[in-house]
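Student: Here are the chains, one letter per residue:
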Amino acid sequence: MARTRGGAPRSSAPYLFLTPAIVLFLLFLAVPIGYTVHLALRRTRVSGLGLGKGSRREVFVGLDNLRAAVADGELWAGWLRVLGYGALVLVVMLGLALLFALLLDSAYVRLARFSRIAIFLPYAVPGVVASLLWGFLYLPSLTPIGGIDFLSASAVTYSMANVAVWGGTGFNMLVLYTNLRAIPRSYYEAARMDGASELAIALRVKIPMLVPAIILTTVFSIIATIQVFTEPTTLRPFSNTISSTWSPLMKVYRDAFVTGDLYSAAATSLVIAAVSLVLSFGFLRVVRGRAFGESR
Amino acid sequence: MRTQRLAIAAALATLFAAGCGGTAETPEAAPATAASSAPAGPVSLIYWTWAPNMDKIVAVWNQANPDIQVTVSKQAGGDDAAAKFLTAAKAGNAPDLVQAEYQHLPSFIAADAVADIAAETAAVKPEFSAGLWGLVTLGTDAVYAIPQDSGPMMLYYRKDLFEKYGIAVPKTWAEYAEAARIVHKADPKVYLGSFSSKDPGWFAGLAQQAGAQWWSISGEAWKVGINDTATTKVADFWGGLVQEGVIDDQPYFTPEWNKALNNGTQLSWPSAVWGPGVLESNAPKGKGKWAIAPLPQWNAGENFSGFWGGSSTAVSATSKNRAAAVKFATWLNTDPQGIDLLVKEAFVYPASGKGQAALGTPPAYFAESQPDFWQQAATIGASARGFTFGPNVGVTYNAYKDAFDKALQDKSPFSASVGTMQDTTVADMRKSGFTLAQ
Numbered sequence: 001m002a003r004t005r006g007g008a009p010r011s012s013a014p015y016l017f018l019t020p021a022i023v024l025f026l027l028f029l030a031v032p033i034g035y036t037v038h039l040a041l042r043r044t045r046v047s048g049l050g051l052g053k054g055s056r057r058e059v060f061v062g063l064d065n066l067r068a069a070v071a072d073g074e075l076w077a078g079w080l081r082v083l084g085y086g087a088l089v090l091v092v093m094l095g096l097a098l099l100f101a102l103l104l105d106s107a108y109v110r111l112a113r114f115s116r117i118a119i120f121l122p123y124a125v126p127g128v129v130a131s132l133l134w135g136f137l138y139l140p141s142l143t144p145i146g147g148i149d150f151l152s153a154s155a156v157t158y159s160m161a162n163v164a165v166w167g168g169t170g171f172n173m174l175v176l177y178t179n180l181r182a183i184p185r186s187y188y189e190a191a192r193m194d195g196a197s198e199l200a201i202a203l204r205v206k207i208p209m210l211v212p213a214i215i216l217t218t219v220f221s222i223i224a225t226i227q228v229f230t231e232p233t234t235l236r237p238f239s240n241t242i243s244s245t246w247s248p249l250m251k252v253y254r255d256a257f258v259t260g261d262l263y264s265a266a267a268t269s270l271v272i273a274a275v276s277l278v279l280s281f282g283f284l285r286v287v288r289g290r291a292f293g294e295s296r
Numbered sequence: 001m002r003t004q005r006l007a008i009a010a011a012l013a014t015l016f017a018a019g020c021g022g023t024a025e026t027p028e029a030a031p032a033t034a035a036s037s038a039p040a041g042p043v044s045l046i047y048w049t050w051a052p053n054m055d056k057i058v059a060v061w062n063q064a065n066p067d068i069q070v071t072v073s074k075q076a077g078g079d080d081a082a083a084k085f086l087t088a089a090k091a092g093n094a095p096d097l098v099q100a101e102y103q104h105l106p107s108f109i110a111a112d113a114v115a116d117i118a119a120e121t122a123a124v125k126p127e128f129s130a131g132l133w134g135l136v137t138l139g140t141d142a143v144y145a146i147p148q149d150s151g152p153m154m155l156y157y158r159k160d161l162f163e164k165y166g167i168a169v170p171k172t173w174a175e176y177a178e179a180a181r182i183v184h185k186a187d188p189k190v191y192l193g194s195f196s197s198k199d200p201g202w203f204a205g206l207a208q209q210a211g212a213q214w215w216s217i218s219g220e221a222w223k224v225g226i227n228d229t230a231t232t233k234v235a236d237f238w239g240g241l242v243q244e245g246v247i248d249d250q251p252y253f254t255p256e257w258n259k260a261l262n263n264g265t266q267l268s269w270p271s272a273v274w275g276p277g278v279l280e281s282n283a284p285k286g287k288g289k290w291a292i293a294p295l296p297q298w299n300a301g302e303n304f305s306g307f308w309g310g311s312s313t314a315v316s317a318t319s320k321n322r323a324a325a326v327k328f329a330t331w332l333n334t335d336p337q338g339i340d341l342l343v344k345e346a347f348v349y350p351a352s353g354k355g356q357a358a359l360g361t362p363p364a365y366f367a368e369s370q371p372d373f374w375q376q377a378a379t380i381g382a383s384a385r386g387f388t389f390g391p392n393v394g395v396t397y398n399a400y401k402d403a404f405d406k407a408l409q410d411k412s413p414f415s416a417s418v419g420t421m422q423d424t425t426v427a428d429m430r431k432s433g434f435t436l437a438q
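Top to bottom, those sequences are chains H and E. Number 296 marks the last residue of the first sequence (full-length UniProt numbering); no jumps. Number 438 marks the last residue of the second sequence (full-length UniProt numbering); no jumps.
So here's chain E without its partners, still in its complex pose:
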């Protein structure tokens, strides 16, 4: 009997040892407690990002900093990347550095996945506008990331076709609606633009322009105001145009939409400063025909914009080399060399004020039609206002997609969808136990 058990035990032990080879690195995790103390010898950092050509940028850093070697791990962008980081953080194998979109940063913070780097970043705070800085502090004393790029919104439009249909660049949303009617009447196949039920970030930017505050922190409680007057106004504006049939309801970034942009059956796109890259690849035929203008305003004479997208560089809470990671993130996002590389290689619109001012040559796509692209962008960017994102943006954004899909199908009022977003978000926060102010 004993030999029998021993044999089994031995066999099991061998197999477990073989099967769990992956955990052999555990001894390395021991010095984790010495988080921010200066590390001895070369440090290696893992950086999750989806910015194009980041490996080239990092190569420049690695060359100059043999003590801090950064390895880029290329990620798929967007919501998937956020989900992956949260899962990795939960599993205890998060990278040292991560590209974090502003709207996802609060969920990273809430999951305790990113480090507070307030002490290390005090010096670079003046580099950024107060609005952007607020996105990485959530209005608290902590700093959870260094802003990398920003996405102030503007109106992209087909200059030649606006002339053809005899419409002026709309200064207000009322003029935009009027232009939509004129264009669609002139040619039923042509639309001024499209309402996308798949792009909550786009809608959030338009709501920001209107002055919405979806989340805010008052004392020790969250306040959720997704169905505020501003947002409801924006929703009903688009809902009215869609129901009238003068605005298309194709989601953005689909082959269908690309085709419409490319063949001139869609004449404008309220989008962010990163739009040229999209237009260049999705609507190559429009090169030299698109121009930009500030977003139409809600009241004549106003001058506001919102943000769609933009991201920051965060240091993961479990990183063993926090000081080195912050050093790299600071160089990347505030050093003239880092910013220059970001602009040239990764095509980002830098968050740093100095970086924005240094932009000269317009994107090739706009070289003829909008030679002063960056100057325009800077003026528009200065007028953009954002809001604090909450800890469950994933829930809210998903509710946006489902609720607006449904509104488009059922032809129900868009303001009801905004109500659904509010209810879903509040219910989720309540379920998790967040303190809510009412």
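Isolated chain H, as found in the complex:
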């Protein structure tokens, strides 16, 4: 309709088309983030007994909450726990996913379609259900595997990592496998002509070609690990060994909904977001040369 008025017809169109995206971005990303920052800078101050009207008001406290969040030893202990858990999950899950993808792509495997679905299936099980299923298998009096206390202090990290590996391997396997299928078969023929064995092709042709996909799955997995919440929260009632602040995100949940301190929760969320950014982008920066330098 701008065109009929004879104004600047070509320059208004892009804005119009962009509007939905901008509005969605503002409503569902910028505003919530802004509100989180707003909350993180404030706190309620109570006077006297804190009962009755007007005894409670919100005040601006500057960086106090953020400072307290960063200085909280429990948060960093949580990071350490998650780091150990994450290292375990990343290595085992991505290792298995790569192994399965290569096996499925190799010429030798029978029942490839069935195996692919079987490995992928756990990903379709919601995290809470998976944790409950495994939780029941872990409980000493219910487990079919005797002799090990899966929920003891020394074993609980492995037990939780196991749930994550079980649930996540299939998805990562599928991403890697799909990428493998996209590699032109002629490369393999060339390698075979040069006398390469299947193993050599896997190690020296397929894996190098897969590097961008491996990096992608690693970044996704790092982010998922930083945000680990479902497994420990679901398993917590079963055991004495998982505290309410086991992972950083659990601390946010506890602050916001158990102890009713939205302000600290907001501040801790910002710290977690910062750490996620640093870790993911840090990882990308380290591997950027390898991955995208080659593929471009």
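No lab work stands behind these hints, which were simulated from the structure alone. One should not assume that every hint holds.
[Said to hold, decoys possible] Stretch-level coverage of chain H by chain E, calculated; a stretch enters the list once three of its residues show a Cβ under 8 Å from a Cβ in chain E:
hint : region
1    : 170–181
2    : 240–251
[Stated by the list, open to error] With a straight-line cut-off of 20 Å between C-alpha atoms, the simulated DMTMM-like cross-links for lysine to aspartate or glutamate are:
hint : chain 1 : residue 1 : chain 2 : residue 2
3    : E       : K431      : H       : D64
4    : E       : K56       : E       : D340
5    : E       : K406      : H       : E74
6    : E       : K289      : E       : E368
Since the structure is predicted, the reported quantities are computational estimates derived from the model, not experimental observations. Heads up, the beta-carbon is just placed ideally off N, CA and C, and yes, glycines get one too.
Use these hints to put chain E onto chain H, whose structure you have.
Tutor: Below, chain E without anything else, positioned relative to chain H:
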């Protein structure tokens, strides 16, 4: 240029109007100021509760009161429900009525989320014991809720297995400890009971029995005494038994614990009057084998109990129909018809004295082993003493779970965990700015 901006503005306006459709109800909020004046025409109230079959109870009310229509919104119980209500109140869309556990009521009051209904409830005060009434007034002149049910604590025990192991029902906690040793010695797989690091409400009840006062109000200041002598005594008693290995340390309400109750490897449970429902669903095999007795005492000859759980009906501070909401809450919790429905449909142990006296037929689970269940419960209930809950029970209860989990792992003394609860609670109150008496 102008047309361009106009186009953008128009597009934005359309989108915002579409996106914010939810706020179209705002004009309705206008008469909010006329809070307690008699409303004209039928009033509709939203009631958040997790009591079973409350919809059936409300249907009876709605039938008889076409002017005040109540809609039940079923909630998950416990701490989650409290968190949800506080969040809703903060967001300005709280329900008119809410089921409030006694320990969470102070945090609702502190958040200014529930209304003071002292004027409307003066008539029903005599229906309730002074102890229960104190839980909804916090010892002030205000009244923040009407008591619904209460949870006096007693000892549930396996009658048949007590006989088998040759132990008498313990009258004191010292006898309880002795019985625990005998049972565990006779069969290392069997425990007299379990210490649960996941149930702060249970521990609070045992502390109340011992005479603890975790919070109290003196003048214009809060006094926090979680690490008082009584509580420390209770903690160290259980800590000693756990460290000796004669009491289990499984949390309650886990599949593991259910199994132990069901297969007779756990012989007793200090619990509240609502225990039959739990036993019936979690230990179906024990039907007709469990009996109740008063909690063991700290000193021979004493007769005290505490409270675990129990809840009240509160009216939210933002309700536009306060008078109607109070009318419904009063009917539900004090009218013979309301109480009768509560008992029969929602299986609660009513807070009202008249309601308690009217209980006759024992729970089916106890029909054979304890036919006088309600009479026993009433006697025990009369001996229960509570304490005022503070404005940050969520913090304290969470500290309980983490501190006792840690004590169980590190095999450290339980009294230290009580100290952690005290420190965490005081630090949180100080951070918020509450006035504390020292």
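Student: Look at each hint and say if it fits the structure.
Tutor: Against the structure, the hints:
1. A stretch counts as covered by a chain when three or more of its residues have a beta carbon under 8 Å from one of that chain; for the region 170–181 of chain H and chain E the count is 0, and the coverage is violated.
2. Against chain E, the region 240–251 of chain H contributes 6 residues with a C-beta closer than 8 Å to a partner C-beta. That satisfies the three-residue criterion, and the hint holds.
3. Note on K431 (chain E) and D64 (chain H): the hinted pairing holds, with a Cα-Cα distance of about 11 Å set against a maximum of 20 Å.
4. Annotation: proposed proximity of K56 (chain E) to D340 (chain E) holds, straight-line Cα distance about 12 Å (limit 20 Å).
5. Proposed proximity of K406 (chain E) and E74 (chain H) is supported: the alpha carbons are some 13 Å apart, at most 20 Å.
6. A C-alpha spacing of about 8 Å is found between K289 (chain E) and E368 (chain E), which places the hinted pair at or below 20 Å, so the restraint holds.
In terms of the numbered hints stated before, the structure departs from hint 1 and from no other.
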